[in-house]
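A.B. asks: Below are the chains, spelled out letter by letter.
Number of protein chains: 2
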Amino acid sequence: MNVAVDAMGGDKAPEVVVQGAVEVADALGIHVTLVGDREAISDVLCSYSPADHITVHHCEDVVGMDESPLKAVRQKNDASIMVAFDLVKKGDADAVVSAGNSGATLAAGILTLGRMKGVDRPAIAGILPGEKGPVILIDVGANVDCRPTYLFQFGVMANAFASSCLGMENPKIGLLSIGEEGGKGNEQVRLARKLLEKSPLNFVGNVEGRDIFSGDVEIIVCDGFVGNVALKLSEGMAKAVTRMLKMGLTGTLSGRAALLFGRRSFENIRRKLDYEEYGGAPLLGINGVGIICHGGSSSRAIKNAIKMAALYVSNRVLEKMTFQFNNFMAKEVGA
Amino acid sequence: MNVAVDAMGGDKAPEVVVQGAVEVADALGIHVTLVGDREAISDVLCSYSPADHITVHHCEDVVGMDESPLKAVRQKNDASIMVAFDLVKKGDADAVVSAGNSGATLAAGILTLGRMKGVDRPAIAGILPGEKGPVILIDVGANVDCRPTYLFQFGVMANAFASSCLGMENPKIGLLSIGEEGGKGNEQVRLARKLLEKSPLNFVGNVEGRDIFSGDVEIIVCDGFVGNVALKLSEGMAKAVTRMLKMGLTGTLSGRAALLFGRRSFENIRRKLDYEEYGGAPLLGINGVGIICHGGSSSRAIKNAIKMAALYVSNRVLEKMTFQFNNFMAKEVGA
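Protein chains in written order, with our numbering: chain A, 1 to 335; chain B, 1 to 335.
Derived from the structure by calculation, the hints contain no laboratory data. There's no promise every hint is true.
The list cannot tell twin chains apart, which means a pair is met if one copy fits it or any two copies do.
Here are the simulated PhoX-like pairs of lysine-lysine, each with C-alpha atoms no more than 20 Å apart in a straight line [as the list claims (entries may be wrong)]: (1) Lys132 <-> Lys90; (2) Lys71 <-> Lys184; (3) Lys194 <-> Lys132; (4) Lys184 <-> Lys117; (5) Lys12 <-> Lys71; (6) Lys246 <-> Lys132; (7) Lys272 <-> Lys246; (8) Lys194 <-> Lys239; (9) Lys117 <-> Lys272; (10) Lys239 <-> Lys272; (11) Lys194 <-> Lys184; (12) Lys89 <-> Lys132; (13) Lys89 <-> Lys172; (14) Lys90 <-> Lys172; (15) Lys132 <-> Lys198; (16) Lys272 <-> Lys184; (17) Lys246 <-> Lys12; (18) Lys194 <-> Lys90; (19) Lys117 <-> Lys194; (20) Lys132 <-> Lys239; (21) Lys117 <-> Lys246; (22) Lys272 <-> Lys320; (23) Lys184 <-> Lys89; (24) Lys12 <-> Lys90.
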């Protein structure tokens, strides 16, 4: 198992990226190839005890967070994200993890590894903490305008990922709308609902914004515009609430006493609002494994993303997804 | 001042609606006309001491929560929501408050009072609690598919409402998208951005999901699909966190001690997550005042919605909105 990590991607790269990689390599014996500027990476690496499972693959360039993704991946063949996916293409690595420009990661993944057969649009599957357990929200930003068939395909891909990588058996799938009745929502949602209803998926119908956090449904399908807004909103709220609790309670003596007495409850809430548990969002629908992390990822998020990439590979999610995809699509859409 | 309240609308109608009306009529001397089944309303009213400021206006029918809004308002002339708006049209009431079928409230408002001159699509302005203060999210469900000009008009209407009703001076307006750069988002957002940039509004550019709770921007413009998802998601999370805190802490002795020591912090968080502070969402762009409440509203939410309706009327928001609207639209769009 070898995970290629874009060492130059992220607001705090290469520091936190290298730190996360070292931690997971030491703890789980996952081999990590750090892709990026050798000197910059070595400067960080030298502050850790030498890890057996870390290799550095040098490259000159990097795609900046604000660069136009498509333009960047076309012009910068030697950018860390391009080189990382190239390692997978050549068989030198099994997966890519990046906290860099997410549009560029998406574009590099599609351009280098290609789309899975039958997939019109690869999508990013956000794994959000929910009150009753994790919720997969797909798409969270790859496709702002979606045809009904894309939404249907998102459901099929997420279903395969959820069952083979997250251990969700026959996960409940909901379609994000603004009312539970079939007639509610926009045109795209009404048509996607019909495709999902006919499928062998465990489709429970429309769900609403409140279901994203409840965890009653394991997979929620939506276009990348709505999904991205929902992901960032819930992440922002979770962080704000955690911060408000912490700041409010640590500032006074009585607050610190409250923290002490209520630590089990606070820990429980902190865990339920933890957006770093899965570290990254898998890019589904490409011929390979790519995990997209938040630009502001901590070393813990990077570590968890690398763990997820390794699980994705060892559980042979790609093969299972291809199988389910072909199976469902052939049966239901007559493709 | 007379506010017509749809006594039959809401999951817990007429009980909580009547209770909220009595409370606000007693406390603030706002006259409330309860519209609905006289017998059902009287049954609830009799458990309160007779209030001087309460009148009952009998009608036979009601629009159910699951009925098709357009069909219902066309066929049920004697439904409470239709009668309530009719009282405003005839000059017998100044505003309508309803926790009933929100689609029907929207349709009845537009059908009975008509759209404001120059407004293509009336919209629902959700007032959400934010970390730094209230945030107006517009539209939260009236229009699932929006042209760029509709989004621009939402910004103009919300600006007038915010300044004249919520005391926000020159409020900052953001356009909800999935990245801050101008090129990000879908076609509709990119075009709306150009209209907003040219306008005299205090437009700050694109904002993202995380800005909905931060409160850095006072008004956030989006289509009704995204807005509805965001409203319900944040409401759901706020309720879940409040519930988790309460349940976690009240269940044990040490938890109750924590509650005692940390009460100031908890109260602070509870207030920042309070979705009933404004009680309802104003329907902007009709020739009159309509406040749409959550179907599950408590009596406190109803009370606060009636207070907002009264403020809307006494601050002459409608006139100011009409003035600003004509002014901005004439200047900027050449309408």
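A.B. asks: I'd like to know which numbered hints this structure contradicts. Please list them from smallest to largest.
C.D. replies: Structure breaks hints 1, 3, 4, 5, 8, 9, 12, 13, 14, 15, 16, 17, 18, 19, 21, 22, 23 and 24.
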